[in-house]
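> Each chain, letter by letter, is given below.
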Amino acid sequence: MSEQVSIAEARIDRAPTVLKAYGLGSCVAVALYDPETRLGGMGHMLLPDRPSSSPLGSESKYVDVGICQIVDQLVRIGANRDTLVAKIAGGANMFETSYQTLINSVGARNAKSARRTLVALDIPIVGEEVGGNRGRTVEFDLATGKMLVYCAHTEHPVSL
Amino acid sequence: MPFLNLNNVQMDILKETSNIGMGHAATALSQMIGHPVKLRVPHVTITEISKVPEYLGGAEKMMVGITLQVLGDARGSIMLLFPQESAHRLLCNLIGDQGKVLIMNEVTISALKEVGNILASAYLSALGSMLHKTLIPSVPLLAYDMAGAVVDYVLIDLSKSSDLAMLVETDFIGESSSDLAIKGHFFLIPDPSTLDMFLDAAGEYQ
Chain A
1 MSEQVSIAEA RIDRAPTVLK AYGLGSCVAV ALYDPETRLG GMGHMLLPDR
51 PSSSPLGSES KYVDVGICQI VDQLVRIGAN RDTLVAKIAG GANMFETSYQ
101 TLINSVGARN AKSARRTLVA LDIPIVGEEV GGNRGRTVEF DLATGKMLVY
151 CAHTEHPVSL
Chain B
161 MPFLNLNNVQ MDILKETSNI GMGHAATALS QMIGHPVKLR VPHVTITEIS
211 KVPEYLGGAE KMMVGITLQV LGDARGSIML LFPQESAHRL LCNLIGDQGK
261 VLIMNEVTIS ALKEVGNILA SAYLSALGSM LHKTLIPSVP LLAYDMAGAV
311 VDYVLIDLSK SSDLAMLVET DFIGESSSDL AIKGHFFLIP DPSTLDMFLD
361 AAGEYQ
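Chains as they are written, first to last, in this note's numbering: chain A, 1 to 160; chain B, 161 to 366.
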């Protein structure tokens, strides 16, 4: 069974569900997984940080608070906080000679925010497929904790 | 003003201004490819950001996206999207036989960017003269990838101030009836303050 995670959404589920995020550009998909209970979640986030004043929309729109929300929900349904691991994909810069420099592109800032948030939460990042200028589709299998990352211009997926 | 609060009259204003702008763009494109092209704006849609990739035919559908910033009296961005088959047909019209599949190289990229440039410039100059504003397009940027990946760039920009997006869908119709339609999507993404200004100025025409 597979479940789609659309833009600005987060989903929590258990094995054997496969969580899928289609067509990530500058957005990032952050997947969290507890291998013992085989509970996991994935968010499809747009923006690196939630602004402190008058934030708009759901928490899962923002990388920083989105990750915390997934962790909280996983713990609530019985995942072990101490065995959680994370995988990140996306954060590309689709338009190569963008107005912003590569370091400051929103894709790079999304990936950076994901790493920073996970480090602060003391959750190890066990796989990463970020940056570049290509779109990605992500499949996260809660039965195994494996993440497959597909690109439009290459034939075989990257396995994390 | 958030898109959600737009009433029918304001929606009509946006649709009509888009029709006029696109009319000018059609003339420019016709001159470029050497035979008449009509552009039609069948739909102006306001939709949730998360629904945009589905609206475009699915997040994994291959698309060519050309984006430009709007500079001058108003701020915002423009995104032109062509499904890969339409981009291919457009290129066949512009620079001759392209073989069976869309191939991106210096020539095709440059030609597609130029189409974006012409459409955006014509659209903005028509809009600008109607609203008595100076609107200038920036240099176009291009990406050829999955629809979701191409549009999230503008959706991210938009999502800072809105959870909704406005899409102007455009059909390009060639001269002969045998021409397979070239379809495109045109996003105009005004800053919230710009949308207010835009509606104020357009409202004076009523």
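It should be emphasised that the hints constitute simulated quantities derived from the structure, not laboratory data.
It cannot be assumed that every hint is accurate.
As the list claims (entries may be wrong) - Not close to chain A: a few residues of chain B, all C-beta gaps over 12 Å, as computed:
#1 Gly183
#2 His184
#3 Leu315
Said to hold, decoys possible - Some, not all, of what chain A presents toward chain B, calculated at C-beta under 8 Å:
#4 Ile7
#5 Asp49
#6 Cys68
#7 Val71
We put the beta carbon where it would ideally sit given N, CA and C, even for glycine.
> If you check each hint against the structure, which ones fail?
3, 5, 6 and 7
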